[in-house]
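**Q** In our numbering, the protein residues as written are 824 to 925.
Simulated from the structure, these hints should not be mistaken for laboratory data. Treat the hints with care, as some may be off.
[To be verified] Distance windows between CB atoms, simulated: (1) ARG909 to LEU875: 33 to 39 angstroms; (2) GLY859 to ARG912: 48 to 54 angstroms; (3) GLY865 to ARG902: 26 to 32 angstroms; (4) GLY872 to ARG909: 20 to 26 angstroms; (5) ALA868 to GLU919: 22 to 28 angstroms; (6) LEU870 to GLY832: 20 to 26 angstroms; (7) ILE871 to GLY832: 17 to 23 angstroms.
All figures in this text were calculated on a predicted structure; none of them were measured in a lab. Virtual Cβ for every residue (Gly too), placed ideally from N, Cα, C.
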Amino acid sequence: MYAVIQAGGKQYRVEVGARLRLEKIEGSVGDTVTLGEVLLVGGNAPLIGKPLVPNASVEARIVEQGRAKKIKIYKKKRRKGYERTRGHRQPFTCIEIAKINA
Numbered sequence: 824m825y826a827v828i829q830a831g832g833k834q835y836r837v838e839v840g841a842r843l844r845l846e847k848i849e850g851s852v853g854d855t856v857t858l859g860e861v862l863l864v865g866g867n868a869p870l871i872g873k874p875l876v877p878n879a880s881v882e883a884r885i886v887e888q889g890r891a892k893k894i895k896i897y898k899k900k901r902r903k904g905y906e907r908t909r910g911h912r913q914p915f916t917c918i919e920i921a922k923i924n925a
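Whenever a hint applies, use it, and build me the whole structure from the sequences.
**A** Printed below as a string of structure tokens:
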């Protein structure tokens, strides 16, 4: 069985036991979170939401809280003496899917 969930403005296809990185979710490592925005539950008899599947949820355990690798932003305009350098590290939450409730 699999499900398609929506979290942080993105959609993910998940199965039990799968690990994935989402946008930051409040909580500490080891906590259980419930993701309620389920768009589809697949299997032998798939359930398709309009837009969400009623009474469906996905339970997951937080495995890691962290920040992604730094990306560098560099701007330059030639012959003008304009140069700017910035960096950004996006916070993330790594979760492991424990259960799909349909």
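**Q** Are the hints correct? Go through all of them and say.
**A** Outcome of the hint check:
1. Between ARG909 and LEU875, the C-beta spacing of about 38 angstroms keeps the proposed range 33 to 39 angstroms intact.
2. For GLY859 and ARG912, the hinted distance range of 48 to 54 angstroms is not satisfied, since their beta carbons lie about 28 angstroms from each other.
3. Between GLY865 and ARG902 the C-beta distance comes to about 57 angstroms, which lies outside the given range of 26 to 32 angstroms.
4. In this structure the hint that GLY872 and ARG909 lie 20 to 26 angstroms apart at CB is violated, the actual value being about 40 angstroms.
5. A hinted range of 22 to 28 angstroms for the beta carbons of ALA868 and GLU919 is consistent with their spacing of about 26 angstroms.
6. Here the CB-CB span from LEU870 to GLY832 is close to 23 angstroms, well matched to the stated 20 to 26 angstroms.
7. About 21 angstroms separates the C-beta atoms of ILE871 and GLY832, a value consistent with the hinted range of 17 to 23 angstroms.
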